[in-house]
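In this note's numbering, the protein residues as written are 1271 to 1404.
Hints are not guaranteed to be accurate.
[As the list claims (entries may be wrong)] Cut-off 25 angstroms, straight-line C-alpha distance, at most; resulting in silico cross-link-like pairs (SDA-like, lysine to any residue):
no.	residue 1	residue 2
1	K1394	R1369
2	K1394	R1349
3	K1385	R1320
4	K1394	G1364
5	K1385	D1330
6	K1394	H1348
7	K1385	F1397
8	K1394	C1303
9	K1394	V1272
10	K1394	H1309
11	K1394	R1320
12	K1394	I1360
13	K1394	S1288
14	K1394	A1378
15	K1394	D1322
16	K1394	F1280
17	K1385	C1303
18	K1394	P1380
19	K1385	S1288
20	K1385	T1287
21	K1385	D1335
22	K1385	W1372
23	K1385	L1331
24	K1394	L1274
25	K1385	R1333
26	K1394	L1331
27	K1385	G1319
28	K1394	A1381
Simulated from the structure, these hints should not be mistaken for lab results.
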Amino acid sequence: MVELTRVYHFSAAHRLTSAALSPEQNATLYGDCHRPHGHNYYLEVTVAGRPDPTTGMAVDLVRLDGAVSGAVLTQVDHRALEEVPALSGIVTTGESLARAFWRILAPALPAGALKRVTVVETAKNRFHYEGGEA
1271 MVELTRVYHF
1281 SAAHRLTSAA
1291 LSPEQNATLY
1301 GDCHRPHGHN
1311 YYLEVTVAGR
1321 PDPTTGMAVD
1331 LVRLDGAVSG
1341 AVLTQVDHRA
1351 LEEVPALSGI
1361 VTTGESLARA
1371 FWRILAPALP
1381 AGALKRVTVV
1391 ETAKNRFHYE
1401 GGEA
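Please build the complete structure, drawing on both the sequences and the hints.
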């Protein structure tokens, strides 16, 4: 098996708020991030496959790019994340975004190919999700 990680970029606004908390509690818990703000995110998608004996490629990059673009990037780029239907009901933390993007991408790729989704929110914040319970 060979793994490939492809890196994508999108810009989006969000605010960290939980519907289960009061405005004051959200402000205390999330600090300045409870206000609308934005990030230039990087989305790293890691897939795995066996290299084809003819092409030498383990992953069809055109198919991967199409899946990521169609399922995620066109939905979130230059949007407020709370307004994206596929993200409805989640607090748009990096942890939640990584899990949500996994959930969105897994059915758009060959079965078992998706190995890891990483959301890079800032130079200091990187969130990995590898499926399963979280």
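Outcome of the hint check:
{"no.": "1", "hint": "K1394 - R1369", "in the structure": "19 angstroms, holds"}
{"no.": "2", "hint": "K1394 - R1349", "in the structure": "23 angstroms, holds"}
{"no.": "3", "hint": "K1385 - R1320", "in the structure": "13 angstroms, holds"}
{"no.": "4", "hint": "K1394 - G1364", "in the structure": "12 angstroms, holds"}
{"no.": "5", "hint": "K1385 - D1330", "in the structure": "15 angstroms, holds"}
{"no.": "6", "hint": "K1394 - H1348", "in the structure": "22 angstroms, holds"}
{"no.": "7", "hint": "K1385 - F1397", "in the structure": "14 angstroms, holds"}
{"no.": "8", "hint": "K1394 - C1303", "in the structure": "15 angstroms, holds"}
{"no.": "9", "hint": "K1394 - V1272", "in the structure": "28 angstroms, violated"}
{"no.": "10", "hint": "K1394 - H1309", "in the structure": "12 angstroms, holds"}
{"no.": "11", "hint": "K1394 - R1320", "in the structure": "33 angstroms, violated"}
{"no.": "12", "hint": "K1394 - I1360", "in the structure": "22 angstroms, holds"}
{"no.": "13", "hint": "K1394 - S1288", "in the structure": "23 angstroms, holds"}
{"no.": "14", "hint": "K1394 - A1378", "in the structure": "30 angstroms, violated"}
{"no.": "15", "hint": "K1394 - D1322", "in the structure": "37 angstroms, violated"}
{"no.": "16", "hint": "K1394 - F1280", "in the structure": "17 angstroms, holds"}
{"no.": "17", "hint": "K1385 - C1303", "in the structure": "30 angstroms, violated"}
{"no.": "18", "hint": "K1394 - P1380", "in the structure": "32 angstroms, violated"}
{"no.": "19", "hint": "K1385 - S1288", "in the structure": "29 angstroms, violated"}
{"no.": "20", "hint": "K1385 - T1287", "in the structure": "29 angstroms, violated"}
{"no.": "21", "hint": "K1385 - D1335", "in the structure": "16 angstroms, holds"}
{"no.": "22", "hint": "K1385 - W1372", "in the structure": "9 angstroms, holds"}
{"no.": "23", "hint": "K1385 - L1331", "in the structure": "15 angstroms, holds"}
{"no.": "24", "hint": "K1394 - L1274", "in the structure": "23 angstroms, holds"}
{"no.": "25", "hint": "K1385 - R1333", "in the structure": "16 angstroms, holds"}
{"no.": "26", "hint": "K1394 - L1331", "in the structure": "28 angstroms, violated"}
{"no.": "27", "hint": "K1385 - G1319", "in the structure": "10 angstroms, holds"}
{"no.": "28", "hint": "K1394 - A1381", "in the structure": "32 angstroms, violated"}
The earlier numbered hints that this structure contradicts are 9, 11, 14, 15, 17, 18, 19, 20, 26 and 28.
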